[in-house]
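Chain Y: place on chain D using the hints.
Same order as they appear, the protein sequences are chains D and Y. Those letters in the first sequence? Residues 1 to 374, per the working numbering, in order. Those letters in the second sequence? Residues 1001 to 1297, per the working numbering, in order.
Calculated from the structure, these hints are not laboratory results. C-beta atoms are modelled at their ideal positions from N, C-alpha and C, and glycine is treated no differently. Fair warning: there could be bad hints in the mix.
Said to hold, decoys possible - Not the full set, but computed from the structure, chain D residues with beta-carbon under 8 Å of chain Y: (1) N29; (2) L58; (3) P78; (4) G82; (5) S89; (6) Y93; (7) H95; (8) F99; (9) F104; (10) S105; (11) M108; (12) P112; (13) L185.
What the hints assert, rightly or not - Sample of chain D residues facing chain Y (criterion: CB under 7 Å; computed from the structure): (14) M85; (15) F87; (16) A91; (17) A109; (18) A111.
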Amino acid sequence: MNKVIAMSSLQIKNATKAYGTVEVLNDINLDINSGEFVVFVGPSGCGKSTLLRMISGLEDITAGEMRLDDRVINDIDPAKRGIAMVFQSYALYPHLTVFENMAFSLTMARAPMAERKQKVERAAEILRLTHLLDRRPAQLSGGQKQRVAIGRAIVRQPKIFLFDEPLSNLDAELRVQMRAELIELHSRLRATMIYVTHDQVEAMTLADKIVVLNGGKIQQVGRPLDLYDDPDNKFVAGFIGTPTMNFLSGQVTDVAHDHIIVAGLGGDPKIPPLPIPFTGFDPSIRNIELGIRPEHATIASEPSTAAGLPARVTLVEELGDLTSVHTVLANGERLVAQNHGRRHQGTVETSVHIATDKALVFDTSGKRLRPAST
Amino acid sequence: MSSRTTRSIAHYLMLSPFMLLFAVFFLYPIASGFFYSFFEWNAAQSSQFVGLANYTKVFTSRSFEKATWNLLVYVAITVPLGISVALGLALLVDSFSGFWAKFFRSAFFIPVVMPLFLAATIWRWIYAPNFGLLNTVLAWFGVPSVQFLNDTGTMLYAMIAVDVWVSAGFNMVILLAGLKNVPRHYYEAARLDGASKFQQIVHVTIPSIRPVLFFVITYGLISALQVFDIPWLLTGSSFAEYGGRANTLLFPVMDMMGRGFGSVRFGQASAYGFMLTILIVCVTAVMFALRKRFGDV
Chain D
1 MNKVIAMSSL
11 QIKNATKAYG
21 TVEVLNDINL
31 DINSGEFVVF
41 VGPSGCGKST
51 LLRMISGLED
61 ITAGEMRLDD
71 RVINDIDPAK
81 RGIAMVFQSY
91 ALYPHLTVFE
101 NMAFSLTMAR
111 APMAERKQKV
121 ERAAEILRLT
131 HLLDRRPAQL
141 SGGQKQRVAI
151 GRAIVRQPKI
161 FLFDEPLSNL
171 DAELRVQMRA
181 ELIELHSRLR
191 ATMIYVTHDQ
201 VEAMTLADKI
211 VVLNGGKIQQ
221 VGRPLDLYDD
231 PDNKFVAGFI
241 GTPTMNFLSG
251 QVTDVAHDHI
261 IVAGLGGDPK
271 IPPLPIPFTG
281 FDPSIRNIEL
291 GIRPEHATIA
301 SEPSTAAGLP
311 ARVTLVEELG
321 DLTSVHTVLA
331 NGERLVAQNH
341 GRRHQGTVET
351 SVHIATDKAL
361 VFDTSGKRLR
371 PAST
Chain Y
1001 MSSRTTRSIA
1011 HYLMLSPFML
1021 LFAVFFLYPI
1031 ASGFFYSFFE
1041 WNAAQSSQFV
1051 GLANYTKVFT
1061 SRSFEKATWN
1071 LLVYVAITVP
1081 LGISVALGLA
1091 LLVDSFSGFW
1101 AKFFRSAFFI
1111 PVVMPLFLAA
1121 TIWRWIYAPN
1131 FGLLNTVLAW
1141 FGVPSVQFLN
1151 DTGTMLYAMI
1161 AVDVWVSAGF
1171 NMVILLAGLK
1181 NVPRHYYEAA
1191 RLDGASKFQQ
1201 IVHVTIPSIR
1211 PVLFFVITYG
1221 LISALQVFDI
1231 PWLLTGSSFA
1241 EYGGRANTLL
1251 FPVMDMMGRG
1261 FGSVRFGQAS
1271 AYGFMLTILI
1281 VCVTAVMFAL
1291 RKRFGDV
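Bound-form chain D, shown alone (with noise of 0.2 Å):
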């Protein structure tokens, strides 16, 4: 296959976006390489679509630059950016084909209809559009109209594709069904991509690098399983993860060399105080956090055994070769603990054990505490 999409780099420096007096995003820096697979994600509100419209012209940017391939694009019109957007509710023009929405870019540069015609045969190849060209939105499917979007930005052979959550408009099993398409579609084309969604699963499966934003800041910038794995701060090791990491507060009473010690996990006195690895700890912090990944919490076999956490199970989701098991703690805290393949006997009074040794630690800030070795 010819070459049909360019790649280019972007770099953002201290980008600032405010409506008036209300700062929407906040000293944004980030370098996005040529070829990468990006992912905005984020809660609702946190500024990662107004971002994602700050690279495409949509938006202006109040503060900061905006360089693609080394040429600031700031006050660059949009459609001279080299930039094609993927938009949530697709925006295909009913009243045209698919053929006719997929040439749109071409028809308003007034391009000949061979060119037209060429390019638009060869996009529709790609994504298996060909024998639906005659067509009105009307009568494609959720999945079709989300290829014939895709195909209207290749057909412009942008330097890079934005997509603004393009696939919350699907249904689950066509989500996963398109999500594996992009995948491909990003393999072929090589090209650099832009990706918001507010669905941390999308943001794993799809990006070579996460961007996790929240109040207007980005969180921190990773490849999906060092955000997992090694989160800067407790909203990333929460937001990152289904179920959502568990978190216990705790008092540090003694601090080694390679450990220290947190008592009052779960709020009940009797609990005996947990070694939890940790070299380097500052002895000065003594409130901490512990962030326990719902698989690194074991629902004991005995209930109320001595070593584990005294709980008391809310909820049992069985997902066949997976069980989530929703427990309160003595102090109200909640914690899931995930088991594989096997299945809650059904007590209710249950104690939880968690694997000390994958326990991360936050201070009460929800900055993540890092043991001086890593």
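What follows is chain Y alone, placed relative to chain D:
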């Protein structure tokens, strides 16, 4: 009696007041108009059956020919011009938000709520030969006084301008509602695809509001075919004198009213009205057929 029949009777009973009023004030006048179109009747003497003579007399009269020609020219100019102006105003209002959007929407709607006689009075003054506003402005540029409402070369166009001014606000509000329903991301996608403002209007806006445009065109055509009040108020405004100089502003409804209440030939007026009704029904049917073919997006 089955419960279904009892229910049906109850439904018909509830509908009957409306049906009765509809029959008395709507169906009966249509039927009696059609009936009287075959009679010669002047309200003073008893009516006399004349067959299709009334239709023949109307159809072959010079005033009918003149009124029909005037109507054709008027419709051909007023409907596209009026809708273009209304669309332009709607696009203008749509481009504003907050106070200015409300201000322009209200300002452009004022002619719609203004009593027509007042609008006609204002325009008579604007068009007045010596001290009228338009002639005063033209005089600044050295243009000699124009008799807008008395010169057969300008009368029709002067009246069309008034009509467009009066109706633009109403059409603007309807088109504006259509514009508000066009998803914003259509424009954003078009902008990213390099469409200019004009291309966005041609390729995105107009196709997206096609159903609303069809309604406005159909309503505009029906209204235009029945044009009466504005030319009536701009000319003699009486059954003794109407249609303006050389019948330049004579239109079918005016001609029909003149035959009925001016010349007391109610049979001919009924035949005229019936022909006009058939014409309007046909035009409306064509518009609905066109909408079915092209209007649904």
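To see whether the hints hold, each was checked on the structure:
1. At its closest, the beta carbon of N29 of chain D sits 25 Å from a beta carbon of chain Y; the interface hint therefore is violated under the 8 Å criterion.
2. The criterion of a C-beta within 8 Å of any C-beta in chain Y is met by L58 of chain D, whose closest approach is roughly 5 Å, and the hint holds.
3. The criterion of a C-beta within 8 Å of any C-beta in chain Y is met by P78 of chain D, whose closest approach is roughly 5 Å, and the hint holds.
4. Because the beta carbon of G82 of chain D sits about 10 Å from the nearest beta carbon in chain Y, more than 8 Å, this interface hint is broken.
5. Look at S89 of chain D: its Cβ gets to within about 6 Å of chain Y, closer than 8 Å, so that hint holds up.
6. Hint status for Y93 of chain D relative to chain Y: holds, with the closest Cβ pair at about 7 Å, below 8 Å.
7. Interface restraint check: H95 of chain D against chain Y, minimum CB-CB distance 4 Å, threshold 8 Å, status holds.
8. Among the interface hints, the one on F99 of chain D is violated; its C-beta lies about 15 Å from the nearest C-beta in chain Y, farther than the 8 Å criterion.
9. Annotation: F104 of chain D was flagged as interfacial toward chain Y, and the flag holds, the nearest CB pair being 5 Å apart, inside 8 Å.
10. Hint status for S105 of chain D: holds, given a least beta-carbon distance of 4 Å to chain Y, under 8 Å.
11. Taking 8 Å as the C-beta contact cut-off toward chain Y, the hint placing M108 of chain D at the interface holds, the least distance being around 5 Å.
12. With a cut of 8 Å, the hint placing P112 of chain D at the interface with chain Y is violated, because the nearest CB-to-CB distance is about 16 Å.
13. At its closest, the beta carbon of L185 of chain D sits 19 Å from a beta carbon of chain Y; the interface hint therefore is violated under the 8 Å criterion.
14. Satisfaction of the interface hint for M85 of chain D is found here, the shortest Cβ-Cβ separation to chain Y being roughly 5 Å, below the 7 Å cut-off.
15. For F87 of chain D, the interface hint holds, since its Cβ comes within 7 Å of a Cβ in chain Y; the closest pair sits about 5 Å apart.
16. A cut of 7 Å between beta carbons decides the hint on A91 of chain D: the least distance to chain Y is about 4 Å, and the hint holds.
17. A distance limit of 7 Å between C-beta atoms decides the matter here; for A109 of chain D the minimum to chain Y is near 6 Å, and the interface restraint holds.
18. Interface restraint check: A111 of chain D against chain Y, minimum CB-CB distance 11 Å, threshold 7 Å, status violated.
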